[in-house]
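Please arrange chain B on chain A, whose structure you already have, making use of the hints.
Protein sequence lines correspond, in order, to chains A and B.
The letter at position 27 of the first sequence is residue 27 when you use this note's numbering, and the numbering goes up by one with no holes.
The letter at position 279 of the second sequence is residue 279 when you use this note's numbering, and the numbering goes up by one with no holes.
If you're looking for bench data, these hints aren't it; they were derived computationally from the structure.
No false leads were slipped in.
Identical chains blur together in the list; that is why a pair holds if it fits in one copy or across any two.
Under the rule of at most 25 Å between Cα atoms (straight-line distance), these lysine to any residue pairs were calculated in the SDA-like manner: (1) Lys180 x Gln23; (2) Lys135 x Leu67; (3) Lys180 x Pro24; (4) Lys180 x Arg26.
There are 2 protein chains.
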Amino acid sequence: MNLAAYMQEQKQRIDCRLAQLLQPERPQFARLYEAMNYSLLSGGKRIRPILLLATLESLGKDSAPYLDIACALECVHSYSLIHDDLPAMDDDDLRRGKPTNHIVYGEGMAILAGDGLLTYAFELMARQTHIDPEKLARSIQVFAHAAGPAGMVGGQSFDLESEGNIHIGREGLELLHYSKTGIIFEAAITLAAILGDAGDEEKQALDVYGTYMGLTFQITDDILDVVGDEAALGKPVGSDARNQKATYATIFSLEEARQLAQEAADKAIQAIAPLGDRAWFLRELVSYLLVRAQ
Amino acid sequence: MNLAAYMQEQKQRIDCRLAQLLQPERPQFARLYEAMNYSLLSGGKRIRPILLLATLESLGKDSAPYLDIACALECVHSYSLIHDDLPAMDDDDLRRGKPTNHIVYGEGMAILAGDGLLTYAFELMARQTHIDPEKLARSIQVFAHAAGPAGMVGGQSFDLESEGNIHIGREGLELLHYSKTGIIFEAAITLAAILGDAGDEEKQALDVYGTYMGLTFQITDDILDVVGDEAALGKPVGSDARNQKATYATIFSLEEARQLAQEAADKAIQAIAPLGDRAWFLRELVSYLLVRAQ
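Pulled out of the complex, with its shape left as it was, chain A reads as follows:
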């Protein structure tokens, strides 16, 4: 199977399950569920859940029992986008070619839709009674740590504080990107290692892969904000430069940024050599990130 077909197939599994999950038990809460589903079901590449499922498969496991855990990752990703787009944060009107959540449902409901998706993600994880509860508790801990104040929320606060300050330097930029994005990719892979009983060598290989795969994603994301096609991306380009944001494509030249992405991709691919053929997707995913258009 090739990469595009594999990703499409996984995306369909995930989309199909996500569409079943959030159904209001009471008519009075219908608008909240509509707002949550509006963002959750608006497409997206589903990279985080695919990464979890693919890593399990590269460990030789059946990924089917872990589909809901993968969906929980996507719920948290969706919440983070809704809150990031709010007027008090990035103030974006458009996401994936559609009006953002607060534009459609109002600011108050958008805040609640985010809160609801975040809380629901932990309920969804915790109710997987077919998973060994010790591994489940450990997975919840790792994921909450990555998504919480020490990770993604912390990164977002640092972003908010340093907005308009392009001078946070390479160290600041790396922390920003790692905590906003990389840490969640890493967590997706760590969860797969926990749930899929990875051995020490496999765990170590996957850890390094996660770090550099996340970095490749973030650098190419920054490059796309400069050279990307608005129609393919579904959002305006050039906003980082306009907002004086420190990104790999604003504090480095495009050529330097491409070089950094290539180096990170090489390290990611090298790291998972011990996993052999079963990790073909993880390898090809990194190569794809270098040439992606969205």
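Frame of chain A; chain B shown alone:
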């Protein structure tokens, strides 16, 4: 020991532990942690965590191993207050006599402080490795369900939608109050029943107690918004009437509301008769709610 001394002692345990919990690992995230601690450590009655600890004790258990679970409940309560106070929600400037989070830290940081506290609560729960992981996973599930879109977040969305609509009727009012407040009290008690190995009869008794204790709390809260003392409450009174909010004190007369509170308290006390003397605190707590000033 009397009720006031017991509550004071429990509150001190909880306050002391809460003050240790949220320490930034990176200087770049210091402001976020400051914003989270600003609300988390600003006092409050700590009723939810006390309820968890006291219920465990009324089941004859040592509550010490569950202090962090109790603190997680308070983190979620604190997040809900920060988000409720936001301009897009209730737009309150004052809470417990102090400026609300967004007044001090700005709207964006206040949203993140809430997100951070909510996510951290689940990390804190999940990392209690001394607790049987099956009970832990079940506790996380129950609590996330109560706090999420089917519970507290749903209630908040219904509140937002029905703001200015005093005509939601008694049924609407009951749903609003149950899902915004009662469901969390119930969850605190259910968690104690799960963690404290309650038998079927005890579980049943505690369930009913939780429902009516929560109702007593909510009705008396509504009454305090009419007759309370601003200095004692640390917030303006009369806002429910001004905002045309449906509450027990706006759709009923004060006398009727007091009568409803008394009936709910009687049912709560009656429910836990099977628990005997060990449940003295749960009994006295309900009586105290009827006469509280804050």
